[in-house]
Structures are given as C-alpha cells and as structure tokens.
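Asker: Letter by letter, the chains look like this.
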Amino acid sequence: MSNNEKSHRTGGLHIGEPAPGCAKTDPMLIIDHVKKSFGGLTAVDVEHLEIPKNAITALIGPNGAGKTTLFNLLTGFDSPDTGTWSFEGTSLAGIPAFKVAQLGQVRTFQLTKALSLLTVLENMKLGATGQRGEGILSSLIPALWRKQDAEIEIKAMELLARFKLDTKKDDFAASLSGGQRKLLEMARALMTDPVLVMLDEPMAGVNPALTQSLLDHVINLKKDGMTVLFVEHDMHMVRHIADWVVVMAEGKVVAEGPPETVMKEQAVIDAYLGSHQDTDLGVVTGRINIIPEEGK
Amino acid sequence: MDWGSILNNTIAAFLTPTTIAFALAALGLAMHFGFAGLLNFGIAGFMAIGGYGYAISVLTFGLPWWAGMMVGVVGSILFAIVLGLPTLRLRGDYLAIVTIAAAEIARLMFLTTAFTDVTGSADGLFGFNTRQDGTGFQNSNPFPSGDYGFGPLSFNHQTLWVLTFGIAILGLCLWLLWALMRSPWGRVIKGIREDEDAVRALGKNVFAYKMQALIIGGVFGGLGGIVFAAFSNVSPGVFVTSLTFFIWTSLLLGGAATILGPVIGAIIFWVLQAFLSNFLSQLALSGILPVSTTQASTLRFVLVGLGLMLLVIYRPQGIFGDKRELTFVK
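The listed protein sequences correspond, in order, to chains A and B.
First residue of the first sequence: 1, per my numbering; consecutive thereafter.
First residue of the second sequence: 1, per my numbering; consecutive thereafter.
Same shape as in the complex, but just chain B:
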C-alpha cells in the first residue's frame, strides 16, 4: 500500500477547476431545489450550454474569451426560459421529467454529426483557451510561466489562472445567493417551496418568482460549465446524466438549503472520489480486492450511489443544513 500517493492525490482534489465547476453547479441546484423547491434534474444540460456556448463563440465566431463566456451565460438564461415557460405552471414532478429530457436533448444536439463543423461531435471542442490572435482565456493570464504552490497543491501558471478565475466567479455567486436569500425576495422563494398556493393567495406572482429562481440557478450551472471548459475542453461525454446526479450528491452532502453547503459538498465529493479511486486500486494492486485496478476504481461509483441513498435516508438536510428546514418526508 502506497499511502503517500493515496494521500497526495486525495489532497490534490481539494482545489481543482473541476471541484470549482461542481461547486458552482451545486450552488445552482441549491437555488433551484433547496430554496425554490424546483426539482431540476437537468443541471448537466445547463453546464453543457454554458461550456459549449463559450467554446463555440470563440472557435466559430472568433469572439474574445470574455464575450464567449457571456454568450454561455446568455445561453443558460435562454435554456432556463425555454424550460420554465411550459413547465413552471405544472406540479414540481413534471419539471423534473422535463429537465432530465431537455438536458439529454442538449447533449445529443452537441453529439450529433449533423453539426460537426460547429460542435466537433463526439470529439468535442478544444484549443479555444489559447488563441493565436491573443484573444484566448490563457492569453490574458496575468501569472508568469512557472509552477506555484507546494506539495500536492502545486499548479502550473495556466491552472493557477483558471483556479483564480473560478474562485472569483464562485465568490461572486456565493455573495449573490446569500444577498438574495436574506432579502424579502428570498422569503417569497422559500414560501413558494413550502406551498405556492398560499403565496399566490397573498398576492405574489409565483410564476415570475419561480422563473427568476430557475434563471439564476441555471446561470450558476452555466458558469460551472464555463469554468470546466476554461480548464480543459468540452465534449458531450462529460455532460451526461450521471454528472447531474454527482452534482445532486454534492448538494445533498453539504445541505440543499444552505449557502456554503454546496461548495463544501463539492469539495468532499471530489476528495472522497480521489481517495476511493486511489485507495481501491491500491487494494486491488496489493491483492486484497480480487479485481483489476480499473474495476476497483470504478467501484467508487457504486459507493457514491450507496452513499447518496444513505444520505437521503439518514441525513436529508446534509452536513450543514437545519434538519427542520429540509427533509424528504413531509
């Protein structure tokens, strides 16, 4: 057993662009589900729209990186509106069905060979972060070339720039969610989660509030996709339905109706993933587990599923939530 390598890889998972992307998407779900009670099972679709919106506008339309990212954000706003218009008047369960289908439609649109010129089909898109003409995201990197950090948490200048940018965006979103939820607007949103008819009877335009919540959470999800894309590439294999459920796991781990919970949840999720993946393959290597190392590291997804079930049954409010505020049994 190589404990040193297990520990190293586990600590490295604390701070990666992927963790930040997950935290952003989980924050979007906290807005949707934790505060507004909207069952969105299509967060991967929002991330895909954000990431592809950014990549396509840079590669196909030659926009500078910041404009491309704005396109990604606008794309996720439009996606939220298109999803919400027909479904927000229906009962919550229908939104869940529609969002899961819409996310799949979005992914298949990016996968189909019909638009290969623009979307890159199954290969996805890459090479949009560094541009010949100097308008790429990495072209604006303020950090000089070199390595930064110490021990397991060392990054090259490119990763450091993505991390800095990601943390800034995450901080902004955290502030926005906090500011919204402490205000009377947040009170209405929480009221809608409890009983939208009661809120309607008090003269609030419930549909408009739900749409606003769907858009804000959707933008957080889109930004998650953008941070993800800014670090590597975009491909339809990433934005699959299981991504949605990993983000749900992060959210429920931290606490759905909390501000910091989703962020902590995303960190715990990735640290656990890194630990299990390394630990299980080490177990297989040393012959304790009678499976191959590849099989062993896949075993972690089984454990994630098991963990999600236990979480929902025994600690529905997550680590940071108030047990009284969010439970699955009403």
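Isolated chain A, as found in the complex:
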C-alpha cells in the first residue's frame, strides 16, 4: 500500500535544506510573522512558513501547539495580533472567513460541523458556490435558479456516490455516524471547488473500517489537482499520505521536511513524541514493570 502511494509523491518540493521556514519551489500559502496570543499565552508565533502547491502537507505537534489556532487564523475565523499571509499571491490579512472560502481555500472543523437538521443532500447543495438562487430577490423567481439547482444536485450526487453516502441523501445529517459526518463534511467542502483543502483532524473519531476510505479520499484530492493541508495526530496517516510535514510546538514551527526524515529529527522527537516514544506507557507512568524482550 505505502509503496503505491509513495509513487504519487512529487519530489523537489523545497529549495535548499529542509529547515523550519525553508522556501518551496511552488508555494501556495506564504505565512510571515503571524503571531496570536490569548492573554499571556502565545498560541501561535510563526516566523515564516510556506505550504507547497499540489502536495499533501501535514501539520503535526503536541496538544496546545497552536495547530488549530493557525488554521483559524489562515481561514479568517480568528484574527492575529500581527503578521501577513498570502494565498496564491493574494494577501489574506483582514479578509473575512467567507471571502477566504470564496477564493478557494476551504476548511473542515476538528469538531465536525454537519448541519444536523438539513438532509445530507441539502448539506451538499449548500456547498456549491455562485448560486443564483441564494440572492434574496432572485430566490423568489424559480426560473432563474431551477436549472442551476438541478446541475448542483447532479454534482452533489456524484460526490456523495464517491463518498458512499448516496443512499443516505434524504436522511437528516444528524442521523449519520461520526465517521460518516466527517465524510459528509469533506464532500461538502469539495462542492465549493476548492484549490486548497484544509482538514482539521480528519481522522479523529473515525472507526478503522472508514479510515482506509478516508485516506484514499485525501490522496484523491491531490490527484484531482488540489492542495491539502491537514492537522492530524495519527502518525500512520501522516507517514502514509503526507508529502511534507510541518511540526509545531508551543506556537512555533520547530521542524519541517519529508515525513521519512522529519520524524527522525531530534527536535521533533523531543517536542512531539517525547523522550519515551518507544517505551510502554506502563513504564512511563511507573505502574507496570515490563520485562525486556529477549535479545534487547
């Protein structure tokens, strides 16, 4: 499996040595001096970071590293104290969240936001952009939007079929399982025809049976020409599908590089995995004495 996936990887994402803040050959997002504090706590303090285009970038780090806050800042859901950032050359500082989304940078949420009391199909159709029927006056004249709405429905059904949710189209989203809601949220985000998809913990709470299909969906996003930036705690997912890994700790980018090498860096091991990553939890807490395996 992993060999097959690795073959899709695009080499040469970066220029020079892979170090925190290194330049990319074709950056999609460029972040400069973005800083955000909550009271005395500095949640995010990123000097310089570039996210490569048409690649899958993983943003990892321990709890409280500022990953989700950085997501919120980049998508306009929160505003930083200082800093600038640009998306495909357009400066996004001070741009409201809905305009960021209209530019093609779409996000999902750590706590899934399925619109519970809308049907699955309505959830999907809501995602489509440039709908004529969404204007208050034009909505009163069905002739203006009926044809477009039918086209949106076809597109929505195709996506739902891809995500194996087509049989649920008339159910309220509230009746879906946690994993299906994650899928629905991702599918809905794709309805906006995004350029950059930002996934906040796409694997959290998803049962193992759905994990594989979710991974495939993320890989397919890249195949379809999109750029993916995701926050994840699941190291298997990061190793298998990420082309580039950015490691954050205490609000700063402490390391970045291809997954094979970045995981071995001392800064990452210290910051993220801790010094006991190979030790059994029982030993760490001192509750259980583990007998060492033979030959070690």
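The hints are simulated quantities; they were obtained by calculation from the structure and are not laboratory data.
Some hints here could point you the wrong way.
[What the hints assert, rightly or not] Straight-line C-alpha distance at most 25 Å; calculated DMTMM-like pairs for lysine to aspartate or glutamate:
#  : chain 1 : residue 1 : chain 2 : residue 2
1  : A       : 155       : B       : 197
2  : A       : 168       : A       : 151
3  : A       : 168       : B       : 197
4  : A       : 99        : B       : 195
5  : A       : 169       : B       : 195
6  : A       : 113       : B       : 322
7  : A       : 169       : B       : 322
8  : A       : 99        : B       : 194
9  : A       : 99        : B       : 197
10 : A       : 113       : B       : 194
11 : A       : 35        : B       : 197
12 : A       : 155       : B       : 195
13 : A       : 164       : B       : 195
14 : A       : 164       : B       : 194
15 : A       : 168       : B       : 195
16 : A       : 168       : B       : 194
17 : A       : 169       : B       : 194
18 : A       : 155       : B       : 194
[As the list claims (entries may be wrong)] Just some of the chain B residues that point at chain A, by a computed CB distance under 10 Å:
#  : residue
19 : 139
20 : 176
21 : 187
22 : 190
23 : 191
24 : 197
25 : 198
26 : 199
27 : 203
28 : 204
Built from N, CA and C at the ideal position, the CB exists for glycine as well.
Since chain A is already given, all that's left is putting chain B on it; use the hints.
Answerer: Chain B in isolation, oriented as in the chain A frame:
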C-alpha cells in the same frame, strides 16, 4: 352554565383582526427563530413600530392610509437594521437580550409624556382609520354599510374591510415565506440556524443573510402591528412584553419551522383564549370556581403559561412541525 354563549364567543375568535395580527407576527417569528435561529424576544417592538408608524404618519403628517402603512413597514425595517448591526455578530443569546430591551425602549418612547403631541402618551392614538378628508383606511372601504356573515361569524362592513385587507396581507406574507424557504436562499438560512461557522466556511456571507432574515421577519411583525392598528387604535399598553410571549406561544403551538403552523397556532391561541375566558367566568358565575368572574378570566393567562411550558417540554416541534427538525434539546 350558558354553553350557547361560550360556544358563540369561542367560534367568533376564529376570524378577528387580532387573530390575523397575531398570525402575521408569529409568521415573522417563524422566519426569525424557526428558520434562521435568531432568538427575537422583541416582536412586540416591531409591531409597535409598525402600528405607530402608520398612526403617526396619518395623524401628524396627514399622509393617506396606504402611505402611512408604508412608513410603518419602513420603520420596522430600520428597527431591524438598528438591532441587527451590533448584535448579529454576537452569539444568539445576546440577540435575545438586546431585542427584549429594544422592544421595551420602543414602548417607553411611545409612553413618555415628552412626545404626547405625536404619540398620545398613555392614551395612545385613535381616529386615524376614518378621516374627514377621505384619505383614511375606512374611507377606502369597498363594502357598502351593513352586516355580513352569519351566526357568531358576523361582522359589520368596517370589520369586514379590515379582515379582507388583513387576510390579503397575510396571504402575501405566507407566499413570500414559502417562496423564500423552498429556494437556495432558504437553504442557506436553515444552514445558519444549524451552524453558522460551517456556512461561513462554505463562503456564504452569514451576517448579510442573518440581517435579511431579521428584516423580513421584522416587516411581518410590523405588518401585524399595522393590521392591529387598522382595526382599532394603538396604545402602549398593547405592545407590552407579554404580547411578545403570547406570539411565541402561538408560534410554538403551530410549529416554529413551518409555514402554516404560526397561522394555525395564532387561531388556536385565540380560540382557546376565548373559550377559557368564557368558560372560566361561567364556572365562577355558577359557583363551581370560588373566585370572582374577573379573577376567573385572568386565570386563563396562568393556563397559557402552563401550556407553553408543557408544549416546549413535550412537543417542541409544535402541532405541524417535524420533530426531527426543531427541538430545544440539541
């Protein structure tokens, strides 16, 4: 027990200008709360602005009735904008607090003696429906003088004109709400009710949509006040906070996220009110209830409160709602 009179008065409550005014205001709340999720506890304020806007422009500025009503509508639009600008960016609960306060401010402005010349203070305003110069609402009455209808549902020509006008306005508003909610615009509004951040993340201008919903519902409320004023007079004693809660009761009775529910809810509310008021005072008269007749008919408000509580606990979706679509427990 005079069952005949109880029945007569109960049936008469089916179709009155007040019932129509309630239905319009409840329809406005359906837009606000049922579809857009905006907690508006100031619908009485919207009604007051509508009613007074109409009355004042006729009495003080001498406008013809239709222009006066337009002023009432424009007034409720402005009220919605003033309320919405500072509060729609906040969480829903804050809108509830601000609207209840704003409705009280509006009422007290109409009550204060500082503007007695214009607002009539505690006496309110009257005599604006029939005008000497022939520009009043009743001057345009197409029905010849006389009595119409049969049994408990008989009206004089003046009431019939208010009813016809009210039903036309109500029909128009029902169509508007239905047309809006079946469209992609309605989909966005319902999405905002569920989770506005998710809708924002899909590139929709949530603030603008919430403002539009607040204005449309506010205009429905204003029209309710206008129909109310067209039937009788306006006075600050009518547009009190308890009016807001009676309209909420009508809305929840019918079903908040439905189109016809608020109308049916308003009818049931008034029919029940009429029945209880007559029934309870008859009980007191015949000595079954050990209270005076006045106390007995006030008892109905206690029962309304009790009914509202039971409704919210056991049937939050109302009579016509889809239980899955609107509940108070999420």
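Asker: Now look at each hint and say whether the structure bears it out.
Answerer: Hint check results:
{"no.": "1", "hint": "155/A <-> 197/B", "in the structure": "holds (23 Å)"}
{"no.": "2", "hint": "168/A <-> 151/A", "in the structure": "holds (19 Å)"}
{"no.": "3", "hint": "168/A <-> 197/B", "in the structure": "holds (24 Å)"}
{"no.": "4", "hint": "99/A <-> 195/B", "in the structure": "holds (18 Å)"}
{"no.": "5", "hint": "169/A <-> 195/B", "in the structure": "holds (19 Å)"}
{"no.": "6", "hint": "113/A <-> 322/B", "in the structure": "holds (22 Å)"}
{"no.": "7", "hint": "169/A <-> 322/B", "in the structure": "holds (18 Å)"}
{"no.": "8", "hint": "99/A <-> 194/B", "in the structure": "holds (20 Å)"}
{"no.": "9", "hint": "99/A <-> 197/B", "in the structure": "holds (13 Å)"}
{"no.": "10", "hint": "113/A <-> 194/B", "in the structure": "holds (9 Å)"}
{"no.": "11", "hint": "35/A <-> 197/B", "in the structure": "holds (23 Å)"}
{"no.": "12", "hint": "155/A <-> 195/B", "in the structure": "holds (23 Å)"}
{"no.": "13", "hint": "164/A <-> 195/B", "in the structure": "holds (24 Å)"}
{"no.": "14", "hint": "164/A <-> 194/B", "in the structure": "holds (24 Å)"}
{"no.": "15", "hint": "168/A <-> 195/B", "in the structure": "holds (21 Å)"}
{"no.": "16", "hint": "168/A <-> 194/B", "in the structure": "holds (19 Å)"}
{"no.": "17", "hint": "169/A <-> 194/B", "in the structure": "holds (18 Å)"}
{"no.": "18", "hint": "155/A <-> 194/B", "in the structure": "holds (23 Å)"}
{"no.": "19", "hint": "139", "in the structure": "violated (33 Å)"}
{"no.": "20", "hint": "176", "in the structure": "holds (8 Å)"}
{"no.": "21", "hint": "187", "in the structure": "holds (5 Å)"}
{"no.": "22", "hint": "190", "in the structure": "holds (6 Å)"}
{"no.": "23", "hint": "191", "in the structure": "holds (5 Å)"}
{"no.": "24", "hint": "197", "in the structure": "holds (6 Å)"}
{"no.": "25", "hint": "198", "in the structure": "holds (4 Å)"}
{"no.": "26", "hint": "199", "in the structure": "holds (7 Å)"}
{"no.": "27", "hint": "203", "in the structure": "holds (4 Å)"}
{"no.": "28", "hint": "204", "in the structure": "holds (6 Å)"}
The structure is inconsistent with hint 19 alone, although it conforms to all the rest.
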